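Line by line, the protein sequences give chains A and B.
If you're matching positions, the first sequence starts at 1 in this note's numbering and goes up one per residue.
If you're matching positions, the second sequence starts at 1 in this note's numbering and goes up one per residue.
Mixed in with the good hints, there may be bad ones.
Identical chains blur together in the list; that is why a pair holds if it fits in one copy or across any two.
The calculated EDC-like cross-link candidates involving lysine to aspartate or glutamate, where the alpha carbons are at most 20 Å apart (straight line), are [as the list claims (entries may be wrong)]:
| hint | residue 1 | residue 2 |
| --- | --- | --- |
| 1 | K238 | E228 |
| 2 | K127 | E158 |
| 3 | K145 | D330 |
| 4 | K175 | D334 |
| 5 | K145 | E331 |
| 6 | K145 | D334 |
| 7 | K175 | D312 |
| 8 | K175 | D330 |
| 9 | K314 | D303 |
| 10 | K145 | E204 |
| 11 | K161 | E21 |
Just so you know, these hints were derived from the structure itself, not from any lab.
In this text, all values refer to a predicted model and were calculated from it rather than measured experimentally.
2 protein chains.
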Amino acid sequence: MRISILGAGAMGAALTIPYSEKNEVLLWGTEFDVPILEKLLRSEEHPRINAKVRADRILMPEEIEEALNADVIVLAISTEGVLSIFGRISDLIKDQAIISVTKGLAEINGEVYTIPEALWNEREDLKERIAAITGPSIAREVANKLPTHVVYSSVNSELLKTLKDSLETNYYRIKTSTDIIGCEMTSALKNVYSIAIAWISGVESRRNVTLNNLKGILVTQTLREISEIVKAMGGDEKTPYDLSGIGDIIATFRGGRNGMLGELLGRGYSTEEALKELERRGVGVVEGYVNAKRAYKLVENLDKKGKIRLEDLKLLNVINSVLYEGMSVDEALDIVF
Amino acid sequence: MRISILGAGAMGAALTIPYSEKNEVLLWGTEFDVPILEKLLRSEEHPRINAKVRADRILMPEEIEEALNADVIVLAISTEGVLSIFGRISDLIKDQAIISVTKGLAEINGEVYTIPEALWNEREDLKERIAAITGPSIAREVANKLPTHVVYSSVNSELLKTLKDSLETNYYRIKTSTDIIGCEMTSALKNVYSIAIAWISGVESRRNVTLNNLKGILVTQTLREISEIVKAMGGDEKTPYDLSGIGDIIATFRGGRNGMLGELLGRGYSTEEALKELERRGVGVVEGYVNAKRAYKLVENLDKKGKIRLEDLKLLNVINSVLYEGMSVDEALDIVF
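Here chain A stands alone, though its shape is the one from the complex (with noise of 0.2 Å):
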């Protein structure tokens, strides 16, 4: 098959590794990946994932129709450019299958959606042709062949067969699931989640004191209302607890963006604080930041539509007060306690 893979950021550079083991693979960048394709056409590594990504073609922004010339779209952009991206492709897509790898919360006339929801929603005729990507993959992993394994959703059974098929390999696996909506869901919460998680770490170097019983409280209550908010979505309550979610915040367990901010605000430092300091360390976009705020909104959403009672996702409510209101770690954390 060819492969397209939208996306130069270090997910999408990593999945050219296994993918190209069995398939053609194009990997297109969007206008803030120039000074990264520039390097991959160089034949230098990814800066992202330290290594060398493998792809038969590397596009530039302007290539898009070439990009789009494929069997199976890989959509790889971050959670605040995919649907604008997918808004100037999507009259170029005919009859191709869709990966989303995308992991976060869309919010469109107030209602939030996972973003495999969002494409459909504009495309009914996508949702037989969408599969998304969850489960334990730190990029860098995955694209110095370690050994991984991957949930694979969709509605579609028979396409979640011809993907395994093609893309499966000896150190890159994947496992099925149709609970596309349990496993996206997971996904984009656990982002959320990680951030009060994370304040733990803070707090401990704060009061130089261990607080390992409380993390175990913490990850615990986290699983509980994930899938609390799957089941009220009609995904399996038990997803969380699999692969997508307990397999996902193990592997991330020791940081990434979200775990940064939870960490600062638990070391006292106010979001505005948190979030300048993290600027000026140069990370990028904090995705569980934005997407904290549109999970509460779903929550809320979902509360009025009497599926779930807000009140009793402590956590959630207390990482919306922390990011949101200014409430204190220490006060949230005795909240939840």
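Fit chain B to the known structure of chain A by using the hints.
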């Protein structure tokens, strides 16, 4: 109430702190505890919890009869010691409630039991009077009044209510569960599987890579297998996905004796070499090591009864092979992956 804690190790000593908030507390030690008891009698800190105990009396081994004159007896003795000590005191136990802290499995005439089961098999009248403690509770953090949630489980809901009312404090919160089999089995098996989770840190050092994705896979697989075993034992398959399982795994993620053993195996030590190295470092009995053999035996027995298929528990199988049959960790990880 008068609470008598038998065993002056880290957890027995730590529990004196929350228990003494509303109760009279006695702390009794075995022959092995004498050097610690002498420190405690001199009001020194307990060496393993960095805190002073808060007991109304410290009792020496020969004062066992006085220790049993209490409303609640807490068994905080190692797996290897608990049944023989229980045998010595069984006749003196009348209507006291018993709290079992010991995490482990006991093999009796070829059958494998959790500690509470082994106790009530000896004395059926105890079944209604036993509760067990599971969940994330690092002793040092409990002793230092750092936030902890634990699970008290028992077949007797009335007993759970009484214990919660008397023993809960504002830093030591008690959740209750009637799934004592599920809680205890989860907790004992967690120590066994922790050895395998720690292999990864050893392999990471040896090969100078990170394997976070693989860690996510192994923890997910651990929970799946424990859940299967709990279900086959008649417990609640969801129990491993709450505080007693994932909560405890997160809290103890960085170490403990099982972790040290696992890491050495991952670095390439044989089991014999690893145990020798731990002895050299002054590390005491590695409970997960002896429990692993029992866990395997337990599942063999369940398989014979048609309640589970041993071969489906890939991780338990390779844990057994690495610990007892000389399989290398690399081969084991290949099989599980």
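Structure-based check of each hint:
1. K238 with E228: both (10 Å within a copy, 14 Å between copies)
2. K127 with E158: within (13 Å within a copy, 52 Å between copies)
3. K145 with D330: Result: close only across copies, 15 Å inter versus 41 Å intra.
4. K175 with D334: Classified as between: cross-chain Cα gap 17 Å, same-chain 39 Å, threshold 20 Å.
5. K145 with E331: between (43 Å within a copy, 17 Å between copies)
6. K145 with D334: Between copies, since 14 Å is at most 20 Å while 43 Å is not.
7. K175 with D312: between (32 Å within a copy, 17 Å between copies)
8. K175 with D330: neither (40 Å within a copy, 22 Å between copies)
9. K314 with D303: This pair counts as within: shortest intra-copy Cα distance 14 Å, inter-copy 42 Å.
10. K145 with E204: between (35 Å within a copy, 14 Å between copies)
11. K161 with E21: Classified as within; 17 Å inside a copy, 60 Å across copies.
Going down the numbered hints, you'll see the structure goes against just number 8.
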